[in-house]
Amino acid sequence: MKPFQYLRPKTVQEAISMATDNPGAQYIAGGTNLVDLMKRGIASPPKLIDINHLPLKKIEHRYDRLRIGALALNSDVARHKGVVARQPLLAQALLAGASGQLRNMATVGGNLLQRTRCSYFYDLALPCNKRQPGSGCGAEGGVNRTHAIFFAGNGFGGYEASSCIAVHPSDMCVALTALETNVVVNGPEGERRVMMKDFHRLSTQQPELDTYLRPGELLTAIEVVDNAFAKHSHYLKVRDRASYAFALVSVAAALQMDGGRIWDARMALGGVAHKPWRYWAIDLMLRGQAPSEKLFQEVAEHEMQSAEATAQNAFKIKLTTNAMVAALKTAAGIS
Amino acid sequence: MDIDAIPPDAENEDRRFFLKQSMLIAGLSMAPADLLHAALVPDDGPVGNAVKVKVSLTVNGKRKRVTIDPRMTLLDLLREHLGLTGTKKGCDFGQCGACTVHIDGRRALSCLTFALMQHGAKITTIEGLSDGEKLHPLQEAFIKHDGLQCGYCTPGQVMSAVACIREGCAGSAPEVREYMSGNLCRCGAYPNIVDAILEVKKEGLKV
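Protein chains in written order, with my numbering: chain A, 1 to 335; chain B, 336 to 542.
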């Protein structure tokens with residue numbers, strides 16, 4: 001591992017100044033991803049800014065929203081009574097990820113900023129546009145069973161060969177995307193709020209960048225605005241083994257129901273794109289309808305029309321469809 | 336720079352020393368090259384090879400003060416510096432759970448944290464679990480139920496099992512399997528490990 005200089009700020013402002021004054025420096029919190037990447041030589045920051053002593057651990061409900069500090073541990077968030085009661089989808093997603101040990105170390109902020117687990121990103125001997133821009137994508141013509149099936153979103157961009165077909169590995173972020181969470185960011189130019197849909201990037205330009213964070217910016221909190229999804233939400237994760245593995249496909253489904261009908265619906269998918277994939281049209285398709293397996297099947301197949309399989313992951317299209325139907329049935333209480 | 340050149344005497348002095356030292360290191364990066372800087376960090380390069388840091392932490396109830404390379408993980412500190420080889424290095428990348436210890440009472444992977452980030456923390460390893468010659472109830476249960484074959488993953492399994500019960504996540508076999516999934520056993524002793532944990536939980540023994 002390359003030597004690094006260790007800095008330990010006591011305030012958020014001090015941390016931001018250190019990052020601004022030291023290009024290439026990286027913040028470290030739980031370290032569960034960054035230490036791994038540093039050991040392998042994939043990340044080699046000349047300076048590490050240890051933010052663990054900043055006052056960013058608090059989980060509280062204020063006014064109309066749940067505010068979770070960026071340094072709150074994944075395990076603390078998953079077990080927090082207010083989170084379980086108000087946003088059970090978030091708690092479910094957190095408990096579906098990693099292991100008891102890792103959840104005790106990993107923070108909310110670090111979870112948002114974790115890198116892909118694409119095997120080409122991790123193998124220094126092979127090309128990877130994310131690790132080494134311009135070197136090519138090993139997965140595109142290689143082993144791509146676990147890779148993306150959605151490439152363009154929001155009407156912008158499109159799939160560009162030689163870009164990046166890796167997927168975002170987080171479970172938590174899939175739930176946060178469905179819940180339309182705000183990410184609170186502090187930086188040299190002050191505090192700003194970024195919506196989850198605008199936080200991570202698609203890979204079409206600059207696959208080396210995972211997010212739209214600006215230099216020196218520090219995540220300080222996430223905010224989940226109160227909603228009426230708690231009774232009818234479900235996080236379904238499908239993986240190669242029963243536990244402790246990244247998702248092949250995951251579904252965060254949230255419904256608001258009354259009188260046997262659906263009045264609001266949100267969905268996000270994991271393991272299918274370079275960022276958590278939001279199914280935008282689902283609200284229009286489900287609103288006012290009575291839940292049924294047939295309806296959910298139609299809704300799932302509709303979104304999958306824009307999916308594109310690589311050589312080895314065509315199975316994901318069927319798998320994602322079935323996972324969406326299963327998650328919607330559980331959320332609606334008809335399974 | 337030789338940080339050992341400034342030996343702290345009292346334990347509380349030690350903490351102050353660490354803080355001063357942290358500020359010093361921080362100061363080095365903030366200030367333009369000055370005499371001090373030039374003397375301590377040649378060529379404005381990152382520290383690590385030249386500079387060691389002093390870390391103080393409590394391991395199994397005993398205060399330990401060590402001078403280490405900033406790159407050293409907690410796992411390597413325990414094994415290489417403190418001679419506590421009960422904690423095992425399996426994958427060294429946070430995938431197997433063999434290095435599981437308790438940091439401030441919570442199970443964590445010692446291979447994925449730099450030791451200097453644990454300054455001031457209380458660490459419990461497998462060596463700190465038994466009461467002298469008297470084994471911890473989970474150690475007894477692992478022996479009784481044959482919860483191991485080669486034994487390499489066992490210290491991590493036991494540390495994780497203690498936490499699993501303390502967290503209230505050992506209510507049933509499926510729950511134990513889920514909450515123990517971060518500890519791999521290539522010999523496949525899983526069914527016996529689950530039995531051992533469920534028995535300790537059922538008997539209501541203090542863990």
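Derived from the structure by calculation, the hints contain no laboratory data. Some hints could be false.
To be verified - In silico BS3-like links for lysine-lysine, alpha-carbon gap of 25 Å or less:
| # | chain 1 | residue 1 | chain 2 | residue 2 |
| --- | --- | --- | --- | --- |
| 1 | A | K57 | A | K2 |
| 2 | A | K294 | A | K81 |
| 3 | A | K10 | B | K387 |
| 4 | A | K58 | B | K469 |
| 5 | A | K10 | B | K541 |
| 6 | A | K231 | A | K294 |
| 7 | B | K387 | A | K57 |
| 8 | B | K457 | B | K479 |
| 9 | A | K2 | B | K479 |
| 10 | B | K424 | B | K387 |
| 11 | A | K2 | B | K389 |
| 12 | A | K39 | B | K469 |
| 13 | B | K469 | B | K479 |
| 14 | A | K2 | B | K469 |
| 15 | B | K387 | A | K39 |
| 16 | B | K389 | A | K39 |
| 17 | A | K10 | B | K457 |
Hint check results:
1. A:K57 <-> A:K2: Distance ~30 Å between A:K57 and A:K2 Cα, so the pair is violated.
2. A:K294 <-> A:K81: Not satisfied, since the Cα-Cα distance of roughly 35 Å exceeds 25 Å.
3. A:K10 <-> B:K387: holds (22 Å)
4. A:K58 <-> B:K469: violated (40 Å)
5. A:K10 <-> B:K541: violated (38 Å)
6. A:K231 <-> A:K294: Holds, because 22 Å separates the two Cα atoms, which is no more than 25 Å.
7. B:K387 <-> A:K57: violated (30 Å)
8. B:K457 <-> B:K479: Not satisfied, since the Cα-Cα distance of roughly 30 Å exceeds 25 Å.
9. A:K2 <-> B:K479: Judged against 25 Å, a Cα distance of about 46 Å means the pair is violated.
10. B:K424 <-> B:K387: holds (23 Å)
11. A:K2 <-> B:K389: Distance of about 19 Å is within 25 Å: holds.
12. A:K39 <-> B:K469: violated (38 Å)
13. B:K469 <-> B:K479: holds (15 Å)
14. A:K2 <-> B:K469: violated (43 Å)
15. B:K387 <-> A:K39: holds (19 Å)
16. B:K389 <-> A:K39: With a Cα-Cα distance of about 22 Å, the restraint between B:K389 and A:K39 holds, given a limit of 25 Å.
17. A:K10 <-> B:K457: holds (21 Å)
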